[in-house]
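Taking the hints into account, I'd like the entire structure generated from these sequences.
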Amino acid sequence: MAAYLTSRIASLVPILFGTSLVSFFLIRLVPGDPAVALLGLEADERAIAALRAQLALDQPLVVQYLTWLGRVLSGDFGRSVQGGREVLPLLVGALGPTAQLSFAAAIVSLVIAIPAGIVAATRRDTAVDYGASFAALCGLSMPSFWLGILLILAFSVHLPWLPASGYVPPLSDPLGFISHLVLPALTLGAALAAATMRMTRSAMLEVLRSDYVRTARAKGIPGRLVVWRHAFRNARIPVVTLLGIQFGQLLGGVVITETVFSWPGIGKLTVDAIFARDYAVVQGAVLLTATIFVLINLATDLVYTVLDPRVRLA
Amino acid sequence: MLRRDVLKGFAVGAVAGMLAHPGVVFAQGAKTLTVGIVSDPVTLDPALMASFFELSVQYNVHEPLVHVTPDLKVEPGLATLSSSDDRTYVLTLRPGLTFHDGTPVDAAAVKANFDRMLDPATASPRRSELGPIEGVEATGPLVVTIRMREPYAPFPQVLANRAGMMVSPTAVKALGADFATRAVGAGPYKVASWTKNAELVLERFDGYWRGPAPIERVVFRPISDETVRVTNLRSGTVQLVDAVPPQAVAQIAREGSLALKQAPGLGFNAFSLNTTRPPFNDVRVRRAFVMAVNPEIVQRAVYFGTGDVSYGPVPPSIGWAYDKGLRTPRGDAAAVRKMLADAGQAGPVPVTITVTNSPVQVRTAEVIQAQANQAGFKVEVRQIDPTSLITVLRQKDFDVCMSPWSGRSDPDGNMYNYFTKSGPNNFAGWQSDKVDGLLQKARATTDQTARAGLYREAEREIAQEAPMLFLNFPAILQASTKALTWLQYPDGAFRLQFAKFD
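Taken in order, these protein sequences are the chains called F and U. Numbering-wise (our numbering), the first sequence opens with residue 23 and increments by one. Numbering-wise (our numbering), the second sequence opens with residue 23 and increments by one.
Note that these hints are calculated values from the structure, not bench results. Treat the hints with care, since some could be wrong.
Said to hold, decoys possible - Label pairs and their calculated CB-CB ranges: (1) U:Thr217 - F:Tyr26: 50 to 58 Å; (2) F:Ala75 - U:Thr114: 36 to 44 Å; (3) F:Ser224 - U:Lys504: 51 to 59 Å; (4) F:Ala75 - U:Arg404: 40 to 48 Å; (5) U:Pro173 - F:Leu95: 51 to 59 Å; (6) U:Arg404 - F:Ser224: 42 to 50 Å; (7) F:Ser163 - U:Lys360: 46 to 54 Å; (8) U:Lys195 - F:Leu95: 25 to 33 Å; (9) U:Asp469 - F:Arg68: 57 to 65 Å; (10) U:Thr374 - F:Gln81: 46 to 54 Å; (11) F:Arg68 - U:Ser104: 51 to 59 Å; (12) U:Pro173 - F:Val44: 49 to 57 Å.
Unchecked claim - Computed cross-link-like contacts, EDC-like style, restricted to lysine to aspartate or glutamate with a CA-CA straight-line distance of at most 20 Å: (13) U:Lys418 - U:Asp469; (14) U:Lys360 - U:Asp345; (15) U:Lys443 - F:Asp66; (16) U:Lys443 - F:Glu67; (17) U:Lys418 - F:Asp66.
A virtual CB, placed ideally from N, CA and C, is assigned to each residue, including glycine.
This is how it looks when you write it as structure tokens:
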């Protein structure tokens, strides 16, 4: 197990090296550079040239890459061109709100999706199943900016219960934090729930058809117990796989939901950085996201061993 | 992207109309004002700011040397400005003032600010705005004398703007790269905290020269989507919003709990025609293209009747220089076809219009496309991101490209950079000795009537030669809850020292 963990974590090194290389050169292929983006249309050529020299953008690309890599290896991710913030605190500061939102959305999604998926599977081809599938289709097709605005209209304009936007750190004001979290978590959770519900349903259908479930029923075990104890336990693996992928994507940032609710997450930060050609931030964000993805995949694999004792990691 | 935005706007408007407004607010008491702005500022350092939307925040943290009233009169601010001759300006500072950190606002501090902006290593866009400065000297503890190489008439207005905003030299030194996020100025509010993309919190500065502002705390919250911004105002989550979308104006004006304010702006929405390559290196084709597009239709279809139709760069908000009679015939498709035939253009003339994906710009491009296609052009619309746009304009890699301008309170600021031969915003690549000469002369002339005459002559020549297609002077559209009293300025920037809750 220890060897397995070590090798998985060691695999991060080539992955991060590769992503750093790709992200470094890819962002530089896009027209415009940080000096142009920062000084904007109103600047003259002299100011742009001066800033370029200040940012060492006039150096050869290979030199720029090696300088950056060397600094990153010593823990210095540089500063954002836009506003001069240090990149690492900026990214970590944005990862917190995104993680909180992702976690809340995942809970919303599970609370809706697992019972709905199970019920849809056990009552296959009934009105309940069709209803659940239809709801899932709606959830998948609703764009999150639209659902977000609708929720704001409903719960902060029409019924003035919740704030329409903003973020409060959980430690400074827990109630305020939750009140700001509800609408974005619902918006995001609804879209996630749809996919998870469909996955739960199909996994459950497969298991419900299996011999041991028939045996369990034949032995006279009550239906509810068969479904939860026998069938659902074995349907969890594909659901967990999906959750892992979803969670990884969420932590990479949920740009639209973050934008609609002014949630200071890493998605909006990264997209803004791309538009502003804020190289240091883009490269840092890509590295961070890649690391998170690898770690979540690893965590997913570890969860398998808990859910199914037959799974051995080696 | 655009269509979705537009549809979204309509859909939400319709839904919102059906819901009754409960009028309950989430304000943290009347001591805090939360403002919905378009985007998080990039920097709080006025020497480096480049984006129009940052201006709203800047005027609350930083105080310019002189103040400009909503009708563009220059008044004393931190200092009184006088001039002994047309090349010498004297700034006399108010005694006893300090920056937020306690550093005195004295002649040495003001000189340090000018030196910093003029130093090429700072890469400050202010450097060119400050004009032909020869030297800045502290000629007394509170007196600064600025000498010009040649007369520069826009200077007082420039000092009322970005370049006049004074920052604490002590803080610049102490904070280094962090100054951009923790700026220390002499404005009515000081920076308390700033969480990127979430909120910028300002607290009242008791040492402000006009006395402490009525509102204790101001929170700026970036809400980039225009529909969501307005919805936040309706819910009371924010109490003041910048940049209300034109299509929402009529509806907000009907809502009892909200107040919409509109004022003629200083900037323009215009498109550069690339005069350095075919087809627009031929003035006849340029004239034909400009004639094909009727700005009145743009005003109706894009701006929903707000703002003013534009035929040149000087807006009606600069009353002394605005030329009401500047008009060229527009929208006559048959005449345009004939002009194109006379210019030797057989068949539809292919033209690409480049815009960013902002809703207003895409809509504008589509309206131009529809009109020009009827008149013998074959127009394609190309959408790119804002940073690529800058590159496209600078490299002149376009036929027709949006070149909107935020505007300045002096006509020089709306023309010099666009129409002088080496102007940084001369994207059209248009080289006119006549207009260049007129603009240089206007800059160096102090008599306002004479200057107005020079700008009018330049505007008429520009209209004749058609290096740019002018469409609209967008109005400043902002809205608040009824309970808030505040002043609106034609540059669109909030000065919240004048705001209070009733």
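For a C-alpha distance cap of 20 Å, please report whether U:Lys443 and F:Glu67 respect it.
holds (14 Å)
Decide if the proposed pair is consistent with the structure: U:Lys443 and F:Asp66, CA atoms, cutoff 20 Å inclusive.
holds (13 Å)
Given a hint of 42 to 50 Å, does the C-beta separation of U:Arg404 and F:Ser224 actually sit inside it?
holds (44 Å)
Need the status of pair U:Lys418, U:Asp469: alpha-carbon distance at most 20 Å?
violated (36 Å)
Is it true that the CA of U:Lys360 sits at most 20 Å from the CA of U:Asp345?
Since the Cα atoms of U:Lys360 and U:Asp345 sit roughly 29 Å apart, the hinted pair is violated (cutoff 20 Å).
For the pair F:Arg68 and U:Ser104, does the Cβ-Cβ distance stay inside 51 to 59 Å?
violated (31 Å)
Tell me if the beta carbons of U:Thr217 and F:Tyr26 are separated by a distance inside 50 to 58 Å.
At 40 Å between Cβs, range violated.
Indicate whether the distance between the beta carbons of U:Thr374 and F:Gln81 respects the range 46 to 54 Å.
The hint (46 to 54 Å, Cβ to Cβ) is violated, given that U:Thr374 and F:Gln81 are roughly 34 Å apart.
Do U:Asp469 and F:Arg68 keep their Cβ atoms within the hinted range of 57 to 65 Å?
At roughly 32 Å between Cβ atoms, F:Arg68 and U:Asp469 fall outside 57 to 65 Å, so the hint is violated.
Is 40 to 48 Å right for how far apart the beta carbons of F:Ala75 and U:Arg404 are?
The hint (40 to 48 Å, Cβ to Cβ) is violated, given that F:Ala75 and U:Arg404 are roughly 32 Å apart.
Take a look at whether the Cβ-Cβ distance between F:Ser224 and U:Lys504 falls inside 51 to 59 Å.
Distance hint for F:Ser224, U:Lys504 holds at roughly 54 Å.
Evaluate the given range 51 to 59 Å for the C-beta pair formed by U:Pro173 and F:Leu95.
Holds, since U:Pro173 and F:Leu95 (Cβ atoms, about 56 Å apart) stay within the stated range.
Comparing the model with each earlier hint shows violations of hints 1, 4, 9, 10, 11, 13, 14; every other hint is respected.
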